[in-house]
Amino acid sequence: MLDTMALHGALARQRAREQRRWRYLLIFVLLIGVSLLLDVATGPSLLPLRDVLTTLLAPGHADSMTQAIVMDMRLPIALMALVVGAALGLGGAQTQTLLDNPLASPFTLGLAAAAGFGAALALVSGGFGLSPLIAIPLGAFVCCMLAAALLFGLALLQHVSSQTIILAGIAMLFLFQSLLSLLQFLSSPDLTTQIVFWLFGSLMRTTWDTLAITAGVTALCAVLLYRDAWKLTCLRLGEARARSLGVDVTRLRLKTLLLVALMTATAISFVGIIGFIGLVAPHIARMLIGEDQRFLIPLSALCGALMLSVSSVLSKSILPGALFPIGIVTAIIGVPFFIWLILGKGRKRA
Amino acid sequence: MLELQQLSLHIGQQPLVRNLDLQLQPGQLHVLIGPNGTGKTSLLRALFGELTPQAGSIRHGGETLSRLQLARWRRRFGYMPQNIQLELDLSVLEVVVLGRLDSLGMRLSDDDILAALGALQALGIAQLADRPMYSLSGGQRQMVLFAQVLLRDPQIMLLDEPVSALDLQHQMQLMEHLHRQTRAKGWISLVVLHDLNLAAQYADQLIVLAGGELQAFGPPAEVLTPELISRLYRVPVDILHDRDGSPFIRTLRPESLPA
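Chains as they are written, first to last, in numbering that gives the first Met the number 0: chain A, 0 to 349; chain B, 0 to 258.
It is worth saying that the hints were derived from the structure and are not from the lab. Among the clues, some could well be false.
As the list claims (entries may be wrong) - A short list of chain A residues far from chain B (calculated; beta carbon distances all over 10 angstroms):
| no. | residue |
| --- | --- |
| 1 | Ser63 |
| 2 | Leu129 |
| 3 | Leu174 |
| 4 | Leu178 |
| 5 | Leu181 |
| 6 | Leu236 |
| 7 | Gly245 |
| 8 | Leu257 |
| 9 | Ser316 |
Unchecked claim - Straight-line distance between alpha carbons at most 20 angstroms, and here's what the computed SDA-like set of lysine to any residue pairs gives:
| no. | chain 1 | residue 1 | chain 2 | residue 2 |
| --- | --- | --- | --- | --- |
| 10 | A | Lys254 | B | Leu69 |
| 11 | A | Lys254 | A | Ala148 |
| 12 | A | Lys254 | A | Leu318 |
| 13 | A | Lys254 | B | Ala121 |
| 14 | B | Lys184 | B | Ala121 |
| 15 | B | Lys184 | B | Gln214 |
Claimed, not checked - Some, not all, of what chain A presents toward chain B, calculated at C-beta under 8 angstroms:
| no. | residue |
| --- | --- |
| 16 | Leu6 |
| 17 | Arg12 |
| 18 | Cys233 |
| 19 | Arg240 |
| 20 | Leu244 |
Glycine included, C-beta positions come from ideal geometry on N, C-alpha and C.
Model the full assembly from the supplied sequences, consistent with the hints where possible.
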């Protein structure tokens, strides 16, 4: 005999769980709003916050210098931090889901190393006859997608396990790192410096055009991933169980890998290598709301966006007037925070 | 009826099952027994379309299993694989509700949630609904995964060692529920068990698989003989009968055997 009271109590608690997750999403949206504002307001020209706000709300009323600084320089960069952070956070989350491994990210799979090699190759080869603004992102993108294609081929084979894909990814990471070192070894000191700067990762190269491309690709991939939210949740139960629930695991794996590679390759091509976010943002999101991908997909994207936006603010604030490479800031600030978080999680579960 | 005709299965070059003919009837609980490594799990995987047979065919409802209509084929099945390692931060309720994957909308409806709770309640574990999966014991996980399979509302049940981590009470609860529902809903149920006494107690039909071949098929009282069990498992046994007349198997320690 069903106990109606108990059932409705459990139903109410499930709804409360979902509302709590919605609240987390809302909190992150608000935090991102604040961080975006701070990011636009921070910079070497020391514009007052009031002028920045006025310019953002009514660009026509600002003087041309302020307008140029806020609208053409700072705003696209600040927005790019959000978009790239979201792409890396979401890409990391889905790599971890796909490979059922908390250590996986597009970086541990060698995708970033491949992009780095591609960018360096474009620099060394003089841009294949193209402008460096096009050649470097193009080189990074093509190499990143080539690396992804190799993993894709592996994932196509039915009997290949997630561990094999991870091992192949790690092998590729070492291969592309070595190739990159070889290029640096063979290059002039000037070219080596350019390669190193690209590898640091920087949002400063952002234009409205690169922002639009990255945002478009990220949004499209995010929507397509979100449509598979339930299937991806099933995948967290293990491949055999996901299949038993009717998920076509091979197809889902291929589709997700393609979307992750596309999103990550686009982001890395324009801003260089910004590590760590793809690993950490999904963990933070998962700790807050669990494995339900309907919430994990948006929250890992929001978490990545917030992390990179805050890093962007910090990279401009550590030394007034100086700009630290954002990839360095992300890791230096993020690592201690992350270790504190995982130790806390261990205590909670124990 | 689920019909296997001349089915042969290989893993790599290794033949597992040879020329197996079987007919599994609706409303009947079939229990598959046999020593380790005789292809019981592989047979279940083949029925679900995860392993391609080297030869033979599998038919149900006038259709033959083929790669082309795999998604539709699998919709008929409630399949519970062996593995119960689930270190997940999802509530029990959220795991069970995934049994309705084919029809879930982006927002869980009250109906979805109540159906999942109903399945948990039917197994006497509704109190676990809010617990995260990672906090459950192996046995509790197994019950939760059985509830998930129930939610699929299948025509064919394939359960691979569904009671391996359960205590006596929950073994009985699961098997009783399965037995009742198989009758009531006309499921074709096929369960792999290692506990021969549990198999004898609940099976309508026992399927004995060993050495890649069907050794016996029929009601437990007819199939379970000391000779067959001793031959298959290489242990001496006595067969007694419980008060319902079901065979009861007891292994004999070497020192209790006549010299």
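Status of the A/Arg12 interface restraint (C-beta, 8 angstroms, chain B): holds, 5 angstroms
Interface hint compliance - A/Arg240 to chain B, C-beta minimum distance less than 8 angstroms: OK, holds: A/Arg240 within 8 angstroms of chain B, min 6 angstroms.
Exclusion check [A/Gly245 not at the chain B interface, CB over 10 angstroms]: It is violated; A/Gly245 is separated from chain B by about 5 angstroms at its closest Cβ, not greater than 10 angstroms.
No chain B beta carbon within 10 angstroms of A/Ser63's: holds, 46 angstroms
Pair hint outcome, A/Lys254 versus B/Ala121 [Cα-Cα no greater than 20 angstroms]: violated, 38 angstroms
Distance restraint between A/Lys254 and A/Ala148, which requires alpha-carbon spacing of 20 angstroms or less: Holds - the C-alpha atoms of A/Ala148 and A/Lys254 are around 12 angstroms apart, at most 20 angstroms.
Given hint B/Leu69 paired with A/Lys254 - CA-CA distance at most 20 angstroms: Given pair A/Lys254, B/Leu69 holds - Cα atoms ~19 angstroms apart, limit 20 angstroms.
Status of the stated non-contact between A/Leu181 and chain B (beta carbon gap over 10 angstroms): holds, 40 angstroms
Beyond 10 angstroms from each Cβ of chain B, as asserted for A/Leu178: holds, 36 angstroms
Cβ separation check - A/Leu174 to all of chain B, threshold 10 angstroms: About 30 angstroms separates A/Leu174 from the closest Cβ of chain B, which puts it past 10 angstroms; holds.
When the least beta-carbon distance from A/Cys233 to chain B is tested against 8 angstroms, hint result: holds, 5 angstroms
20 angstroms Cα cutoff - pair B/Lys184, B/Gln214: Roughly 29 angstroms between the alpha carbons, so the hint for B/Lys184 and B/Gln214 is violated.
Violation of the numbered hints given earlier is confined to hints 6, 7, 12, 13, 15; the remaining hints are satisfied by the structure.
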